[in-house]
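Novice: With this note's numbering applied, the sequence shown covers 1 to 742.
Worth flagging that the hints you see were computed from the coordinates, not collected in a lab.
Be careful, since some hints might not be right.
No farther apart than 27 Å at their CA atoms in a straight line, the calculated lysine-lysine pairs in the DSS-like style are these [what the hints assert, rightly or not]:
#, residue 1, residue 2
1, Lys33, Lys17
2, Lys9, Lys49
3, Lys249, Lys267
4, Lys49, Lys17
5, Lys17, Lys30
6, Lys33, Lys9
Just the calculated beta-carbon pair ranges, DEER-fashion [unchecked claim]:
#, residue 1, residue 2, range
7, Ile11, Val246, 43 to 53 Å
8, Arg53, Leu202, 37 to 47 Å
9, Ala595, Glu664, 14 to 24 Å
10, Ser46, Gln160, 47 to 57 Å
11, Thr324, Pro448, 25 to 35 Å
12, Gly308, Pro240, 45 to 55 Å
13, Arg561, Asp591, 46 to 56 Å
14, Gly522, Thr324, 24 to 34 Å
15, Ala560, Asp241, 37 to 47 Å
16, Ala560, Ala595, 25 to 35 Å
17, Ser92, Lys33, 46 to 56 Å
Keep in mind it's a predicted model, so treat the numbers as computed, not measured.
By construction, the Cβ of each residue, glycine as well, lies at the ideal position given by its N, Cα and C atoms.
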Amino acid sequence: MDIGTLITKRIDDGRFKQAAVAARYVERAKARKIERNQSTVESHLSRLKSNDRTAVQYFFADPRDAEDLLEALAFPAGERGAVLGAADALLSPEERPLRLVVDLTTGPQDRGFVELCETLWRQLLDDAPPRVALVMTQAQHENLLPRFAPVDRVRVEGVQDPSQGDDSTRALAGDAAVVLSTRRFPVTSRWIAARWPERSNLPVTLEPTDALAALRAGTPLPGDDALAPALGHDLAALAPDAAPAVPPKEYAPDAPSLRRLIVSLAKGEAVRPHPDGRRHSAHRDEASPADRQAWAQHLGVRALATDGEWLEHLVLVARDAGATDVIRGGAGALQVEIDKAERGARTPRVVVEGAAVHVINPAPATAERLRALAGLTVHEVMPRASAVGSLRTELATRSKQALLDDPHLDGLIESLVAQGGDRAELTFVAACMLNDGAVRPEDAPRLPAWHDALVAVLALDPPAVGLRLPRGQKEPHGGEFGTVVLRAPDGFTLDRDRDWDQDREPEVAGVPAAELVRLRRGERLWLGTSTRDGYFSGRQRALPRGLNFEDGFAVSDAFARSPFRTKRQGVGEAWRVRPLTLASGFWEEADRHLAVTWLALRRAARQAASVTLHDGTGVLDMGGGVVAEVSAYEVPPHPRASPCEADFLLPIFTGALDDLYGEEGLQADAVWGTLATGSADTDGHVTTRRTRVPHALFFARDGIRLIVTFRENPWDGPADDVSLRAAAKGARRRDEQAHDDD
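Produce the entire structure from the sequences given, and follow the hints as far as they go.
Specialist: If you want it as C-alpha cells, here you go:
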C-alpha cells in the first residue's frame with residue numbers, strides 16, 4: 001500500500017480534519033524549537049495524499065519530522081513501520097533519512113570481523129530499516145563482504161583506527177539517528193548498547209533487548225519514557241553531599257549493563273550488582289542512595305529515589321518541620337486524622353497512606369516548603385466546633401426549666417445536627433455529660449408575675465395528667481448507689497421470665513435524663529440503680545467515666561474509640577433496671593387527684609392572700625394550715641409540647657424503689673405526701689393534724705413553666721383547736737386506762 005493511501009485511510013478512519021492535524025504537527029515542531037507555517041503544512045499534507053515526492057521529502061527526510069506526523073495522526077505503533085517503508089520507497093537512497101548508525105570499530109580487526117558481520121546480518125541488517133550506516137576501520141573494511149553492505153541500503157563510513165570511531169558515529173547520528181555501539185552514546189534514549197559475542201554462533205547482546213523490533217516499527221526504544229526529565233523524587237535531596245564517582249565493575253561490567261544502570265537510576269529503581277560483574281567484587285548489596293547519586297553525577301543522569309526511599313525522606317522532612325506524630329495505615333487512615341483535626345487536635349501530624357504522605361496542619365512557616373515536595377500533600381484543616389463546645393454553648397442558653405421538656409437533650413441534638421453537627425458524636429457527648437452529671441443548667445429567672453401565670457393556667461379545664469420523675473440522688477451516707485430514670489436503647493424489651501431469674505434485676509445499657517422525665521400514657525420508663533463501677537462485660541460497653549469536658553478534643557478522641565462511632569444502640573452505663581409499672585386505674589385516679597388540687601388552687605388564686613418574695617417566688621395561702629409556693633419561669637415553647645400540660649412530680653429516693661409499689665404497681669396515691677398542719681398538747685399528750693397534699697405540681701402553657709410545692713403554715717390552725725384538744729384528752733384517758741389494767 002502506497003504512502004498516499006495509508007495517510008488518506010488514517011485521516012478517514014480517525015475522522016481527522018487536516019487543519020487539526022496540521023496544528024498538532026506545528027505544535028510538536030515548536031516544542032523542538034522549529035517554526036512551521038500551518039498553511040504550508042496543510043498544503044504538503046494534501047499533496048502527501050497524492051504520493052507527491054516533495055511532500056514525502058518534507059515530512060520523512062528527517063526521522064523527527066516523520067515522528068511528529070505519525071504522532072499528529074495518532075498512528076498505532078504496529079502500523080508505523082509500514083508508513084515509513086512506503087515513504088522510503090518514494091525516496092532515493094541518498095534522500096532516505098539515516099535511521100541507524102552501527103559503530104563496529106570496537107569489534108575484531110582481522111578475519112573475525114567477517115563472522116561479526118555474519119551475525120549482524122542475521123540479527124539486524126537482513127531486516128533493518130532503510131539507510132543504515134556502518135562505521136568501521138580500514139582493516140575491517142578489507143574484510144567486509146559486499147553482500148553485507150548493499151549500496152541501496154547501507155552506507156559505509158571508514159576511519160583510520162578504532163579511536164576515531166566514536167566521533168564519526170556521533171557525527172553521523174546527528175540529532176535523529178539511533179546508535180548501536182559498545183561505547184556509551186550520550187543520548188541514552190537513542191543508544192542501543194551492544195556487547196559483541198565471544199563466539200561466532202552467539203548473537204550480539206543488545207539493551208534494550210527488543211530495540212530492533214521498535215526500530216523497524218518506527219517507534220521509540222522501549223523504556224525510553226523513563227529517561228525523560230522527571231518531576232520530584234530527586235535522589236540529590238537524600239544525598240546532597242555525594243561526589244561524582246565511576247560505577248564499580250560489579251554494577252556495570254559492559255555496555256548493556258551500563259545502559260540498564262542508567263535507566264534504573266533515572267527511573268528510581270533499586271540497583272544491585274550485575275550477575276556478570278560479581279566476579280569483580282564480593283559486594284552484593286543494593287547500592288545506597290549516596291552511591292547511586294555519585295554514579296548519576298558521573299554519568300550525567302538525574303537520578304530518582306526509590307518510592308520507599310522518597311516516602312521515608314518525606315516523613316523525615318515533615319518531622320523536621322514539626323509534625324511529631326506519624327500515623328501509618330491503609331485506606332481511611334487519612335480521613336480519621338482529618339476528623340481528629342476538625343474536632344480540635346492541635347499537634348501537626350504525618351499520615352502515610354500507601355505510597356502517599358500527608359501532613360495535617362504544619363506550621364505556617366514550613367507549609368510552603370512542604371508543598372513543593374513531590375508526593376507530599378499538605379492539608380490545612382480548620383477545626384470545627386467540637387461536640388462538647390457546641391453542647392456547652394447551647395446549654396448555656398437553656399435553663400433547667402427549658403430542659404424539663406428535653407431531658408435526654410434530643411431536641412438540642414437535632415438543632416445542632418441541622419447546623420452541621422455529627423449526630424453520633426453529639427449523642428455520645430450528651431450521654432457522657434448526662435451520665436457524669438456534667439449537665440447542670442441554671443434556673444431561669446423567676447417571673448414576678450407568677451400570679452397572673454397561675455390564673456391563666458387554672459382558667460382552663462385540667463388536661464390529661466402526666467407524671468414527672470427526677471434523675472435521682474446519692475445515698476445520704478455518701479455511698480455510690482444511685483437511682484435514675486432511664487431511657488433504654490431503642491427497641492429494648494424486657495422478658496421478665498428470662499431476665500429476672502433468681503429475683504435479680506437485669507442489666508441494661510441506658511442513658512439517664514438531665515433532670516425530669518415525663519411519663520405519658522402508653523409509654524414505658526425504667527428505673528435503674530447502678531454501682532457506677534465503670535465498664536461491664538458482655539455485648540454492650542459502658543460509657544467512659546471521668547472525662548474532662550473542658551478538653552473538647554479529649555472527649556472527641558474518646559468518641560473516636562467508642563462503639564458510638566458506628567452504632568448508637570446498646571451503649572451506656574451499666575444499670576440494674578426494673579420497669580416503672582402502674583397499678584390498674586392509675587391514670588383515671590391521678591386525673592381526679594389533679595381535679596381536686598386544680599379546684600383548690602383556682603379558688604386560692606382568686607380569693608386568698610398572697611405575697612411575692614424578693615427572688616420572684618410566690619407564696620399563696622391555701623387555708624387549713626397549708627401554703628403553696630409557686631415558681632414561674634418563661635422558656636421557649638417546646639415544638640412538641642401540648643397547649644397545656646399538668647404533671648405530678650413524684651420524688652424517687654435512693655434505695656426506696658420497693659416503697660413505691662403496691663401489689664399491682666405504682667399507686668396513684670403515691671403522688672400525695674402529708675404535712676403537719678396543726679398540733680395540741682394536753683398534759684404531755686401531743687396530737688398532730690396531718691393534711692394530704694401533692695408532693696409537687698408542674699404546669700406548662702405557652703412557654704410558661706410553673707412549679708408548685710406545698711408547706712405547712714404554723715399560723716393557720718391554732719394549737720387550742722377544739723377538735724385537737726378533744727383528741728388529745730381522749731388519748732390521755734386511753735393511756736391511763738391501759739396503765740390501770742396493768
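Novice: Hint by hint, say whether it matches the structure.
Specialist: Hint check:
A threshold of 27 Å between alpha carbons decides the hint, and for Lys33 with Lys17 the separation of about 25 Å falls inside it, so the pair holds. Taking the CA atoms of Lys9 and Lys49, the gap is about 9 Å. The hint holds against a cut of 27 Å. As the CA atoms of Lys249 and Lys267 are separated by approximately 21 Å, the hinted pair is consistent with the 27 Å bound. Of the supplied pair hints, the one linking Lys49 and Lys17 holds, its CA atoms being roughly 13 Å apart against a limit of 27 Å.
Proximity of Lys17 to Lys30 is assessed by CA-CA distance (about 20 Å); at most 27 Å being required, the pair is judged to hold. The straight-line distance between the Cα atoms of Lys33 and Lys9 is roughly 30 Å, outside the 27 Å bound, and the hint therefore fails. Remark: the range hint 43 to 53 Å for Ile11 to Val246 is upheld by a beta-carbon distance near 52 Å. Range check, Arg53 to Leu202: Cβ separation about 43 Å, and the 37 to 47 Å hint holds.
For the hinted restraint 14 to 24 Å between Ala595 and Glu664, the CB-CB distance of approximately 23 Å keeps it satisfied. Ser46 and Gln160 have their C-beta atoms about 49 Å apart, which keeps the hinted 47 to 57 Å range intact. Between Thr324 and Pro448 the beta carbon distance is about 59 Å. The supplied range of 25 to 35 Å is therefore violated. Between Gly308 and Pro240 the C-beta distance comes to about 19 Å, which lies outside the given range of 45 to 55 Å.
Between Arg561 and Asp591 the Cβ separation comes to about 49 Å, which falls inside the hinted range of 46 to 56 Å. Checked against the hint of 24 to 34 Å, the C-beta distance between Gly522 and Thr324 comes to roughly 57 Å, which is inconsistent with it. Between Ala560 and Asp241 the beta carbon distance is about 43 Å. The supplied range of 37 to 47 Å therefore holds. The supplied range of 25 to 35 Å is broken by Ala560 and Ala595, whose beta-carbon atoms lie about 53 Å from each other.
Taking the beta carbon of each, Ser92 and Lys33 are about 29 Å apart, not inside 46 to 56 Å as hinted.
Violation of the numbered hints given earlier is confined to hints 6, 11, 12, 14, 16 and 17; the remaining hints are satisfied by the structure.
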